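Asker: Sequence:
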Amino acid sequence: MLSDFLKNDKFRAYAQILIGCVIGATAYPLFLIPNNIAPGGLTGVATIINYFIKVPVGTLSLILNVPLFILGYKSAGKIFVFRSLIATVLFSFFIDILPFSAVTKDPLLASLYGGIFLGFGLGLILRGGATTGGTDLIARIIHKRMPFITVGAILFVADFLVVVAAGVGMGAELAMYAIICILVTSAILDVTMQGLNRAKACYIISNKNELIRQRLMEETERGITIIHATGAYTMEEKPVILCIVNPRETVDVKRIVKEVDSKAFMFITEAHEVLGEGFEELK
155 MLSDFLKNDK
165 FRAYAQILIG
175 CVIGATAYPL
185 FLIPNNIAPG
195 GLTGVATIIN
205 YFIKVPVGTL
215 SLILNVPLFI
225 LGYKSAGKIF
235 VFRSLIATVL
245 FSFFIDILPF
255 SAVTKDPLLA
265 SLYGGIFLGF
275 GLGLILRGGA
285 TTGGTDLIAR
295 IIHKRMPFIT
305 VGAILFVADF
315 LVVVAAGVGM
325 GAELAMYAII
335 CILVTSAILD
345 VTMQGLNRAK
355 ACYIISNKNE
365 LIRQRLMEET
375 ERGITIIHAT
385 GAYTMEEKPV
395 ILCIVNPRET
405 VDVKRIVKEV
415 DSKAFMFITE
425 AHEVLGEGFE
435 ELK
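Quick note: the sequence shown uses my numbering, first residue 155, plus one each step.
Quick caveat, the hints were computed from the structure, so don't treat them as lab data.
Note that the coordinates shown come from a computational prediction; the quantities given were computed from them, not determined experimentally.
Some clues are possibly wrong.
Below are the SDA-like pairs computed for lysine to any residue, each with C-alpha atoms no more than 20 Å apart in a straight line [to be verified]:
{"no.": "1", "residue 1": "Lys354", "residue 2": "Glu375"}
{"no.": "2", "residue 1": "Lys298", "residue 2": "Phe234"}
{"no.": "3", "residue 1": "Lys354", "residue 2": "Arg409"}
{"no.": "4", "residue 1": "Lys164", "residue 2": "Arg281"}
{"no.": "5", "residue 1": "Lys408", "residue 2": "Ala425"}
{"no.": "6", "residue 1": "Lys164", "residue 2": "Lys232"}
Using the sequences and the hints, build the whole thing.
Answerer: What follows is the structure in structure tokens.
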């Protein structure tokens, strides 16, 4: 009974949101606020305001988010808005009440470790189907009214403006540390969202595809897919071998292809999330 409850999708979503809020919020009292680093978003705006007026960052962030939730209610689904509202309240609450103090006064260390905590926390919140409000809601509101502007572009501009404001208000050095924090946050967020199960997709076109197929299956023990394609110039049908492997296995794939047919055409792409046999279990 308990195991079934723990596997429930709603429970897992809210558990991820709660844990993400605690971890992400921890970045502020431990690293960011004591070193005046404003890592984009409305919480970054709140950090800049806190630099001049000592009002709690979490409280300021929550106040700034209220009008955005009112405007954004119709721009996103009800479940998403509800979960995001919970996440925003919890995130803001934990920033102010977590009993932590600064562990370093080195702004470089603070921006690096703050980015790690923040990225991991935000990644869990996003996996739970929510956000912490702020610029994400702004982006959704603008995108709905001006669809030709992407959400990613709006988020980039919003974070850029916050960093510029930090540079003007708190100095260029702190703005540069904020950029480092944003980059680290983004990288850790991606890893948290997509997992560490990245793989490579190898596409191979050769006149000796059968020999290549056999050797790949024998030596890499990976599944092979044959895609039927047509050359645009010759209009001839030619099979394309597709093989998904771990990054370290690409060396073996290239070696096999070169040994069988040095004139083969091959390209390798990133497979950001691979689920199924031989990789991460499909959930």
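Asker: Which numbered hints turn out to be false for this structure?
Answerer: The structure breaks none of the hints.
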